[in-house]
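*Asks:* First to last, the protein sequences are chains L and S.
Counting along the first sequence from 1, when you hit position 216 you're at 215 in numbering that gives the first Met the number 0, and nothing is skipped either side.
Counting along the second sequence from 1, when you hit position 175 you're at 174 in numbering that gives the first Met the number 0, and nothing is skipped either side.
Hints may contain errors.
[As the list claims (entries may be wrong)] Here are the simulated DMTMM-like pairs of lysine to aspartate or glutamate, each with C-alpha atoms no more than 25 Å apart in a straight line:
#1 L:Lys-225 / L:Glu-167
#2 L:Lys-546 / S:Glu-593
#3 S:Lys-80 / S:Glu-51
#4 L:Lys-546 / S:Glu-51
The hints are simulated quantities; they were obtained by calculation from the structure and are not laboratory data.
2 protein chains.
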Amino acid sequence: MPLYKAPLRDMQFVLHELLQTEKNYQSLPDYQETISRELIDQYLEAAADFCENELSPINHSGDQEGCHFNQGAVTTPVGFKEAYQKYTDLGFTSLTASPEYGGQGLPTLLRIVISEMLCSSNWAWAMYPGLAHGAMRTIEHHGTEQQKQKFLPHLVSGVWTGTMCLTESHAGSDLGIIRTKAEPNPDGSYAITGEKIFISAGEHDLAENIIHIVLARLPNAPSGTKGISLFIVPKFNVDDAGNLQDRNNVACTSIEHKMGIHGNATCVMNFDGAKGYLIGPENRGLNCMFTFMNSARIGTAMQGLAASEMAFQGALNYAKDRLAMRSLSGAKCPEKNADPIIVHPAVRSMLMTQKAFSEGGRALAYLLAEQVDIGEKSTDSTQQAYSEELLAFLTPIAKAFLTESGNESAKHGVQVFGGHGFIVEHGMEQIVRDARISTLYEGTTEIQSLDLLARKVLKSEGKLLNNMIGLIEQFIQDHRNNADLKPYLDRLSELKQQWLSLTNHIAKRAKQNPEEIGAASVDYLYFSSYTVFAYLWARMAQVALEKLAAGTQEDKFYKAKLSTAKFFYQKLLHRTEAHAAAIETGAESVMELEEDAFAF
Amino acid sequence: MPLYKAPLRDMQFVLHELLQTEKNYQSLPDYQETISRELIDQYLEAAADFCENELSPINHSGDQEGCHFNQGAVTTPVGFKEAYQKYTDLGFTSLTASPEYGGQGLPTLLRIVISEMLCSSNWAWAMYPGLAHGAMRTIEHHGTEQQKQKFLPHLVSGVWTGTMCLTESHAGSDLGIIRTKAEPNPDGSYAITGEKIFISAGEHDLAENIIHIVLARLPNAPSGTKGISLFIVPKFNVDDAGNLQDRNNVACTSIEHKMGIHGNATCVMNFDGAKGYLIGPENRGLNCMFTFMNSARIGTAMQGLAASEMAFQGALNYAKDRLAMRSLSGAKCPEKNADPIIVHPAVRSMLMTQKAFSEGGRALAYLLAEQVDIGEKSTDSTQQAYSEELLAFLTPIAKAFLTESGNESAKHGVQVFGGHGFIVEHGMEQIVRDARISTLYEGTTEIQSLDLLARKVLKSEGKLLNNMIGLIEQFIQDHRNNADLKPYLDRLSELKQQWLSLTNHIAKRAKQNPEEIGAASVDYLYFSSYTVFAYLWARMAQVALEKLAAGTQEDKFYKAKLSTAKFFYQKLLHRTEAHAAAIETGAESVMELEEDAFAF
């Protein structure tokens, strides 16, 4: 069973060397006084300690035990409650919330970096505070002052948790057709009635109260997505001072049996005239949700990254330890009866792939989190708008690609273990099972692909894509005289051109046939993702070259960065060619088969 | 939970129209009298009835219940024993065995086609007779006449089953380092001592006796693979007339907790001076195993195909049924509140991918099974040698690619279901969990890749590859005037050239550095596999065009073949480009990172 070791050195590389966080955050007035390299490192070390020593040891046992359901109550696996208590004691629930409600007012970036460690060490557990954060953030952004006073302090302290109640059994990707209704009560509250499914952390024994954020329809609301409103529905009613009152009419009626994330309760929630409070404007519930969506999607991206990282750690340890066959170029450990399998190129390729996905994913995720902070806190409106656009553009890429590459890494993790990977006790198959949800929830890979191509790229008439292209061009320009970077810059230059021409190609075809967008979207997402990774790996290579040129005691670390960049460019980046070629063939072969001719 | 429906029409297409089985088998004296289209269809229908009505209904329940272990005894899930009884009553265990020992003397092809249905409808169950077949075949090929008389009749009738005991906890891919020992007894038998793990069907309640085929070392045997011998070790000792006697000293000490195939007992087997009988020559056990290996690997390939087929069937039904969002080109079912998701290109792409893998895999598997029969039964030694070579070449491709594509299809199956795919009751996640073993056992994908590139292609100095290239060239030549086929032939022609030049490229590099072989092998396997599929899809397209030109009442069926061929060429075949480009970059980026620099 792989035990988690926080990759602090690599996290620091991305934060301090690649993104230069300290410098960048100095320009944001809210963080000018607080954010320093030292503070970040202190938080990282505290989180690493908690994740390695509290969460990692209950990860596998939590999977095996799962959650227990008994007459509406959910008991989490052994150790989950105690770990949650420690987590709140350490103040991790209050990181980003406003000091007005008891928060520490720290940047999202810090929360995201810590969430990487939480997800890696115990994905199922990490979802409890993860969902609570979603609820907290929604109230902070859209609640009235009274709602904030009433609900936020206990959410911020972690005494309460929260959920996001969106999905119904017939409505997942398509929220426009939800049926849960909200009828006005005389006191200004609403009676919420309906059944929600797939409610992560909907019921559990970690916290005193659970604050549900619920999508529902007001009477006579327009049909479709424009008739959905958002409500706060507490498990226990709460007075204005935040004291618990009677039980509200919301109950968990069962929990799902799932492929993975067994330690997290996925609940069917029944709202039976439950008292709820409208949050945000009537019929604008989905819009309110969308402000939260980017951050929720980065959260899921972190889970994908976590799968890559854990699968890499497990596989690497095993590959150094397990003996089988001799190296093709002669025995490497002649004193043993076989060589460790890390000498074999096919095993190395899998490890390098995991490493490239994990470290590249880390760079992308932290870059995104930085855009969240700049978008929210910058006083320069141009910079703010730019960051918001970059965030909007990169979010579907990060969500879809980090989760898909996380699944690929998890597969390699099992594969490196051979038959032992299939055995429960080694813990590698759990990573596959846990990771599988990540390409499904918070918008499937297919939904992300449409979001990227249709909403972000085509609807903005290329503006959001051009921002990204601009970043790449700037990087090429800045380092055009760097001979060591030339192979990277040359390839980036080609990719950038191809990206633009593929986009134009799709836009042109889509004018004739809108199905062209859907048919191209998934390949387009992968093409875009590999290109974004290529940009980030080139940037990381550039930093490593700079450090090596300047002289460093960490030669091995920087050389490993260069080797991984090279591996990414030589072995993984060519996948763009398959995706580009597939895009160019258009929609015909996808659409022509009649529905009744798929099987006979 | 998807219920299995045997794709009889497609099976018949491959058997009767693509491979022209009846005609081909007329040239094999053993089958001249027996094999007809009618006979094949009768067997297919009987097997379909059994699989759809007996095995499919206990597939999901078997996964959920799993096997029970109690003091050395294993109880299989509810219904497994009764289904096995029916299976033997129907005579399926005796299909291919020689009539001398009670068999029906039918071709391997028929067994393989039926095994597709068994694996698709209930993978875990199908492994019990699958392993028995392995043991049976080994004894038939390598046993003495006395051993055959003693062990075969009850194996053939299915009253007994069998296993293959190879793996030890420290030795999986590398059988050269096994430790189980065989010491001569005064009576000519051997005392077998050691522990074997991952023994599928090692203990269970389906049969009266279990005949283990065990790899062990004789005293003073040479070290490595050249010092391994093969033994028959029955669970109950047997007299010469085949009557059960006392219990042998072999026992199941535990069963593994696994990711999937829960209905099949994966046993730790302890041999404590168990009585065994040498089979085949001393120290040639691995060679004896290898004659069985190709057929075992086709068996695993069938499991991969089964995963594709089941995932396709489940996803297709759901995609026609589930409503979400509107088609990008306008509502397709305006009377409903959303369109069925099969209208969406991204969903269609997943279904078409599964269909292309499943039907292409079927063609490859049946073609291979045909080579087994020709290799064994042809009286024309040139034809025989050619079939054996083709089999040797295509087996690692079929084993690795059908299982990897089966895993990909299973993933798409879950994805089409969205969040519901993650829920146990829908049965789609079981396909992912079951399928995961198939790229691990019977030689991992990486082992198959080395087998293909190093043993089959390079060691034969290209001869085995040239056979395949010859088939492609012949096909191109035969249909060069067929305008409708031109896009396929042009692409095949390019691929064939590229295949040769990649091979030369690797061979040249390997002379400098043998690691080049390992570094290229997995990409080479994928390149080869997609090219073989391209050949088969072109052949299927040609048959479909011919039928349509001749006039048929099955227009839809043949047009669907053409659409699927087109989809394969346009959307999946371009993956060769990524693999080719990765091969061309060589081993450096795979090998250069030092072992202690993978993580910091």
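*Asks:* Of the numbered hints stated previously, which ones are contradicted by the structure, given in increasing order?
*Replies:* 4
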